[in-house]
Amino acid sequence: MRCHPSIILETLFPAVLVLVFIIMASVQAWSDLYFAIMAPIPVVLTMFLYWRWSKTWISFTDEEVVVERDTLFKMKKRIPYSKIASVNVNRGLVNRLFGTSRIQININSSINAAIPEAVLSFRIDIADSIREFLASRMYGDSAFTVSADADAETVVSIDWKDVLLHSFFGQSSAQMLSGLFFLLYSVAQIYLALSITGVYGGEGLLSLFVFIGVTVIPSVVILFHYANLKVYRSGDTIYLQHGLIRTYRTSFKVTKINAVRVRTTFFSRLMHRSFIEAEVVGLSSDSNSKRPILCLMKDYAEIDRVFSELVPEFLYDREAIPQPTASKRVLGVKCVLWLVLIGAATYVSSLYAERILASIPSITGYEALLGFTPLIVGALLALATVLWSVRAYSTRTLSAGEELFTFEIGVVDRQAVTISYDKVQIANVVRGPLARRYGLGVSSVSLLSSLGGVKIQSGYFDVGELNRIHETVMDRIRTGKYDYRKASR
Amino acid sequence: MRTSKEFEINEKGVTAEGFKTLNRKCLSSMYLWNVIAMAVLLLSVFLIYRFINMPWIDMDLLFTITVAALVLLAAYFVIGPMVFFARYRYRMTDDRIDILRGIFIIRHTVIPIERVHQVEVSRGPINNMFGLANVNITTAGGMAIIEYLEFPVAEEISDRLNDIVVNILKERE
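Chains A and B, in that order, give the protein sequences.
According to the numbering used here, the residues represented by the first sequence are 6 to 494, in order.
According to the numbering used here, the residues represented by the second sequence are 10 to 182, in order.
Quick partial rundown of chain A residues pointing at chain B, CB under 8 Å, derived from the structure:
| hint | residue |
| --- | --- |
| 1 | Q430 |
| 2 | N433 |
| 3 | V434 |
| 4 | G437 |
| 5 | P438 |
| 6 | R441 |
| 7 | L452 |
| 8 | G458 |
| 9 | H475 |
| 10 | V478 |
| 11 | M479 |
Calculated directly from the structure, the hints in this document are not laboratory data.
Here a beta-carbon is modelled for each residue, glycine too, at the ideal position from N, C-alpha and C.
Next up, chain A with everything else stripped away, as it sits in the complex (with noise of 0.2 Å):
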């Protein structure tokens, strides 16, 4: 079979986009010849995609999917269903417009997990059949009783207000606030400049742009990403459904989860609210998203309930270890050392200002004023730090349990990672100069994420605690508690 022929508008669209850009954007220093040049190129394009798409071929053999292409380059991709992490299914602007939906098809793969090893686009009702037959063919039949359907009940209901906070306070805080930052930057220039001279020349226009950049467009692309979000899971398969524009489809297996994260942030904690992600294996998440959320900012209560009904995998009896004393000693000394660094940049800076201020006479005024900027912003980064500091001793905790470990790290922003020690790639313990002294160290593991490897990093930790967790995982491959066949199911 074919796809669907609307797959050459999907394709030609971004292109001729960036085209009408290019032609827009030097239309003053080009002559007609560039037209002559430039206007043909979406024509030649169309004919190359209709012709890449007559020659491609689209089969489902018992064991495995098959791309064929005849073109000058000829490519036969074979995709084994046991090799296939995930199936997505989404619906973008031309999608809607044809009825059909887009099919990406991913496998295990650390190289280049973030890109779909194939994508195809059907006919609504040809790409829900073909999912449901990917899906049975990957989980087996029984996986996929209730198909990714619009009647199926969510685990959680989200609701706008929801999908509004999480779009907003969801950020990271840092991000968060130096938009809010720009936002207040922005106001007082407007207000002195209409305050000081009664007329508006444009000033703070920049610093609002930044804050709309920073902090505005990310949460709207949030909203609508996020939109509408439907989560359930069946046997052993957890459904995603969400989108305003475009909607998205994703499924995924149990045991392809390779981490859950339970996020907060500053602002998040101030609603008594946190969030779910999972670290999945093979997901190719085509937007903003770097690991799929399994369920919004929604009250601690409400997420420990969809935790359990949605991953008990991952829940165990976590006793939680807090850092060590000792480690208040190598906090402490990282903490002195920077305020010296920020002391020694701040008397920099503030040389520099004094001097660029006494060269300009025409200065008076509150413009005077900059030039305490470098030590206000020297005082505020001292105090940050010492508050960082003392913070990170008593937020970062370790649990470990037979088949589980978790780390609770973060300090403005936090999250509780569960990692299974079955998905662990490479353990290491790394100890610092002033570390070693007090027998302490750093855990950092890497797993498989769907953008490829990732690194996550334990607090302060005794060497020995630490040194259990990479015995662990040996442990449970040589007694075979480490079922192979599982984590590749």
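Based on the hints, put chain B in the right spot on chain A.
Here is chain B on its own, set in the frame of chain A:
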């Protein structure tokens, strides 16, 4: 150079826990690399001072900072390889690879052989001059490297690793 107990080697050339040490030839390779890096850096600094005019910067202060940084870097380039050599240990058993290394920060890396996807022996031009090679071990979650091995040792480790991985896969069929 004095080393802590975990790096101490016995008469057989291994630590109490069976970790092996590198061949001293690795020092020559590192020093040659450092000399080249220092020469490139000095040339860059000279060109910047000679041809780039920066009137808004206090050139005396910048010169002092640059000289201090270069002296520190030169000291690191001299001492670094010795510490690296003294603190580099590796071990390969039937089911895991351990690498213990670091100049200031000591990192103990454990790679279960069960997780190994690919093994590769690589030789850069400088290492090649001294008959040295690296063994690059790729897993699904990233890569680890055993550096500055003598070429036959690197080949032997690579072959042994490949054999173990193939055996694991055969057992599973």
